[in-house]
Each structure stands twice: as C-alpha cells, then as structure tokens.
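Let the sequences and hints guide you as you build the complete structure.
To convert, take the position in the sequence shown, counting from 1, and add 1; that gives our numbering.
If you're looking for bench data, these hints aren't it; they were derived computationally from the structure.
Any given hint could turn out to be false.
[Said to hold, decoys possible] Label-pair distances were calculated between CB atoms; the ranges are:
(1) Glu288 with Lys310: 21 to 27 angstroms
(2) His149 with Glu350: 17 to 23 angstroms
(3) Gly113 with Gln142: 20 to 26 angstroms
(4) Lys151 with Gly113: 52 to 58 angstroms
(5) Glu395 with Gly181: 56 to 62 angstroms
(6) Gln142 with Asp305: 28 to 34 angstroms
(7) Leu42 with Glu260: 55 to 61 angstroms
(8) Trp169 with Arg301: 28 to 34 angstroms
(9) Gly181 with Ser241: 37 to 43 angstroms
(10) His149 with Ser265: 38 to 44 angstroms
(11) Ser265 with Gly204: 16 to 22 angstroms
[What the hints assert, rightly or not] Keeping only pairs whose Cα atoms sit at most 20 angstroms apart, straight-line, the calculated SDA-like set for lysine to any residue is:
(12) Lys187 with Arg351
(13) Lys99 with Asp70
(14) Lys151 with Gly306
(15) Lys94 with Thr348
(16) Lys99 with Asp246
(17) Lys94 with Thr255
(18) Lys279 with Leu233
(19) Lys345 with Val335
(20) Lys254 with Cys244
(21) Lys194 with Cys312
(22) Lys187 with Lys289
(23) Lys178 with Ala154
(24) Lys207 with Glu288
(25) Lys279 with Pro238
(26) Lys279 with Phe208
(27) Lys310 with Asp300
(28) Lys123 with Lys187
(29) Lys99 with Arg301
(30) Lys310 with Ile201
(31) Lys94 with Glu258
(32) Lys123 with Arg157
(33) Lys99 with Phe208
(34) Lys194 with Lys345
(35) Lys207 with Ala273
(36) Lys151 with Pro139
(37) Lys207 with Arg272
(38) Lys302 with Phe283
(39) Lys345 with Gly221
(40) Lys150 with Met112
All C-beta atoms, glycine included, are put in the ideal place defined by N, C-alpha and C.
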Amino acid sequence: MARPPQSKAAPGLFLRGQTFWLRYSVGGEQIRVSLDTSDRLEAIKRAEERRGQKQISTVTGKIRGGKTDLDRTLERYTAERQRAKITDEKGFKDGTAKGVTQAVQHFQTIMGITDPGGITSKAVSEFYRKLNGTALLPGNQVKLDTTHKKSEATARTYATRVATFARWFGIEVAALKFKGKTPARKTVIPLAKVEELLAIATGDLKFVLLAGFRAGMRRGEIVWARPSWFNLDSENPSISIPCPDPVTGWMPKTGVEREIPLVSEFADFIRATFPNWKKQAFCIRPEKQPGDWIYRFDDRKMFDGFTSKNCRELTHHVMRHSFISHLANGGVGVAQIAAWSGDKIATLERHYFHLKADAEKAEEAFAAHRKPTARQAQEAMAAQQEALAIRVAEMLEAQKASLEHQKTSLVTPHQSDYTGGGNVADQGTPLSDDKIKKRRFEGE
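Written out as structure tokens, the structure is:
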C-alpha cells in the first residue's frame, strides 16, 4: 500500500478519501488518527491539538503511543539541565539525563500518574516502597507486593530523582528519609566460580561475561559495544570506550572516554567466535537497532536464564564489582583501577577502602596477557642489566670476604713465623702481619 502524501504545512496530515487523518510516531509506535473533517484549515487546527497525544485503540481498547503532560515536562526538564552543564557543574550529562528519564517514566508506569501535578510526597513514598518490595498488595494486609521490586540502592535513586524532578517545576515534595546508609553492593564472585561460569557460557552470553569479569564494562557499554572499540591487532590489545561513539552518538555513563587492557582470553574468544567481527554493526545482537530505551536491546532474558541456573546473585554490576575487587585484592593501585573502570578515585576509595592494593602486583598480573611495548622492553632490559651488575658486585664482595676469612684463620706451623727459635713447639709471640708478608714477599 502506498504511503499517503504528507502536507508540508502540517506534517503528518494526509487525506484518506474525503477525511483528513494525522500520522505521527512516538517511541517507535506509529499512531494514525482520524481528524473527522474534510476541511483543510480545520484539519490543520485539529492536528496541532492532537499531535503527540495518547490515543485509545478502537480495536483493543488500549492506550497507544503519544506523550502525556508528564512526558513533555520531563523533556523540558532534561533539556534545561543538559544545557546547564555548559556553565554549571550540576548540569546533566547525557547518561544522567537518560537515567532521570528512566526513573520518572518508571514512576509514571507504576503509579499511573500522567500529570506532573499528581506527584506528591505520598505518591513518591509509595513508589519507593513498591520498588524496594515493602508495599502491601492491594486489598491484602499481609502479603507484600514484589512485582516491581528492585535493589534498595536503585529504589532510593529512582525515588530521589522523581522528587527532585517534581521540585524543579514548583511542587513541594518532601525529601525522603531513608533508614541507614545506602547499602553497598558487596557481592563478589570468587575467581574459581568466574572460571566455572566462563567455561559454561557460549556465544553472545560468554561475550557479556568476559566483558564484565575481564574488562569491568557496564551493561550499557556491553550492549552498545561496537567491534571498532576492540584493538585486537595492536601491539598492546585494548578496549577503547569512546565518548561519544562516532557512529551511534552513544555516550558512556561518566561522559569520559577510557582504555581497558584486552586480555588474551577475551581477544582469543572474539577471534574464534565471530568470523565477521569487523563487519558487524555491534558486537552482540547486531540486528537489534537502537530505539528510545537507554539500552540498545534488552538482554535480561538471555542473561537471567543463565544466572537462574548457575549463579543467582550474578548481575551486570556484580561482574563489574568482581572485576574491580579482584584487581584491588590482587594488588592494583587505586589510580590504575580508576583509569580502567572509569570511576573516580573517591568512589573507589569509598566502596573499596577495605582492600589493600599494590600497583606493581597488578601490573604483573595484566602483563601476563599483554605484549610489552618497545619502551617496556627497554626498561625490562635495563632492569635485568642492573640486576646482573648487582649480582656480580655481590659475588666479588663474597670472594673478598672469603679471602679475608682465610687469612685471619690461617694457622701455619712454620718456625720462621714466630720470634721464638728452636722447635715449633716453642711457639713464642707471633710476628705481626706486616712482617709475615714482608718475609714471604722476599722469597721465604
């Protein structure tokens, strides 16, 4: 069926039979609505009023697409905060804007509130309880509603973002008072268990595990990763997280590019598993095209199916947390971890303060997977030569000490070495060392 011609004066307006219709798309869903008029000027007026609004399907009765007042207010909020980042340190980076959008849209879906004026202190508190799993089921005074349950840390973050958003446009929402400090995410998968999981996983799933356990990549970085990020053939293989990605425009959470060592295990897996690696648009599920969601595609079904059978506590963040913890416990310095993980040193010290680190040990651990650069080879050669020189000096010193010991412990029953004449048994006072040397030098 041919696409109806659009009106240049009113985008999305087209004529079907004798009636004008309006077509627009929101979130990938196309909406077509009859304007119930054959008058062009009236149709343009109605199109302006209805464009972007939610519509009820005449077939299913469900609400389809469109934007609510809350959606529009949220767009203004994030746009303003992103503009503010130029002059204000508190301005939103792209990743923060997406996080706030996700939190507010989650609130809209769970609480059924589409008008910004409906955000109250009570509504935000109830939203928080639904997220941390402490809200009761409707009509039940005993059973808890865990339908939307998330971690305590996520529940606090989402609720706080919604409250901050409401206060931005003048609604007095009280700041939430949480009991205790935000719980730290302390789950660390032991190295032996990591090896076991990597041995079981295959294909895209193994790529996800390697990216998390061996490179500390975040969930968004994994699903948006492109082959061009992976420097497989360089002297020192590495993963370069761009900011932004030159093709998709994707931005990392921190808004800063970084480089991570690519261990041989990960590099070998890529070469063996993806024959068309360089031709793929994305590293995993390349056929999935980006939409409006913060992630390019939802990998939870694939990931959760694996974890439910093999390691229930495993999440994307747990993999990253394990990566950092194993580095710190293995001796990596906090500055090096910050460079590889993209976290600030203060953040690492706050979450990993109990771990002792020795940068030299960590460098040795990663060096096992990487070829040395020319400079590193020269430094290694110089270190070997210095060590050899020290060893030679120690050997000469040991030989000198041995000769001294032999001289001082020498007991030669030679009659001429004593002032007393006659028999050796008549040993008198021994001559001085200088006199003994003089007599031997003179040919005695």
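Exercise for the section: For the pair supplied as a hint, Lys207 and Arg272, confirm whether the alpha-carbon distance does not exceed 20 angstroms. Expected result: holds (13 angstroms)
Practice task
Determine whether the Cβ-Cβ distance between Gly181 and Ser241 falls within the hinted range of 37 to 43 angstroms.
Solution key: holds (40 angstroms)
Problem - 20 angstroms Cα cutoff - pair Lys302, Phe283 - result: holds (19 angstroms)
Practice task
Determine whether the Cβ-Cβ distance between Leu42 and Glu260 falls within the hinted range of 55 to 61 angstroms.
Solution key: holds (59 angstroms)
Handout entry: Cβ separation of His149 and Ser265, checked against the hinted range 38 to 44 angstroms
Key = Given a distance of about 42 angstroms, which is inside 38 to 44 angstroms, the answer is holds.
Exercise for the section: Given the hint that Lys123 pairs with Lys187, test it: the Cα-Cα distance must not exceed 20 angstroms. Expected result: violated (31 angstroms)
Problem - Hint consistency between Lys94 and Glu258 [alpha-carbon to alpha-carbon, up to 20 angstroms] - result: This hinted pair holds, its Cα atoms lying about 13 angstroms apart.
Practice task
Would you mind confirming whether the straight-line C-alpha gap from Lys99 to Phe208 stays at or under 20 angstroms?
Solution key: The given pair, whose Cα atoms are some 25 angstroms apart, is violated under the 20 angstroms limit.
Exercise for the section: Sort out whether Asp70 lies within 20 angstroms of Lys99, counting only the CA atoms. Expected result: holds (18 angstroms)
Exercise for the section: Take a quick look at whether Lys194 and Cys312 sit within 20 angstroms of each other, Cα to Cα. Expected result: holds (9 angstroms)
Problem - Distance restraint between Lys99 and Asp246, which requires alpha-carbon spacing of 20 angstroms or less - result: holds (16 angstroms)
Exercise for the section: Please work out if Lys94 and Thr348 have their alpha carbons no farther apart than 20 angstroms. Expected result: holds (18 angstroms)
Hints 2, 4, 22, 28, 33, 34, counting from the list given before, are not met by this structure.
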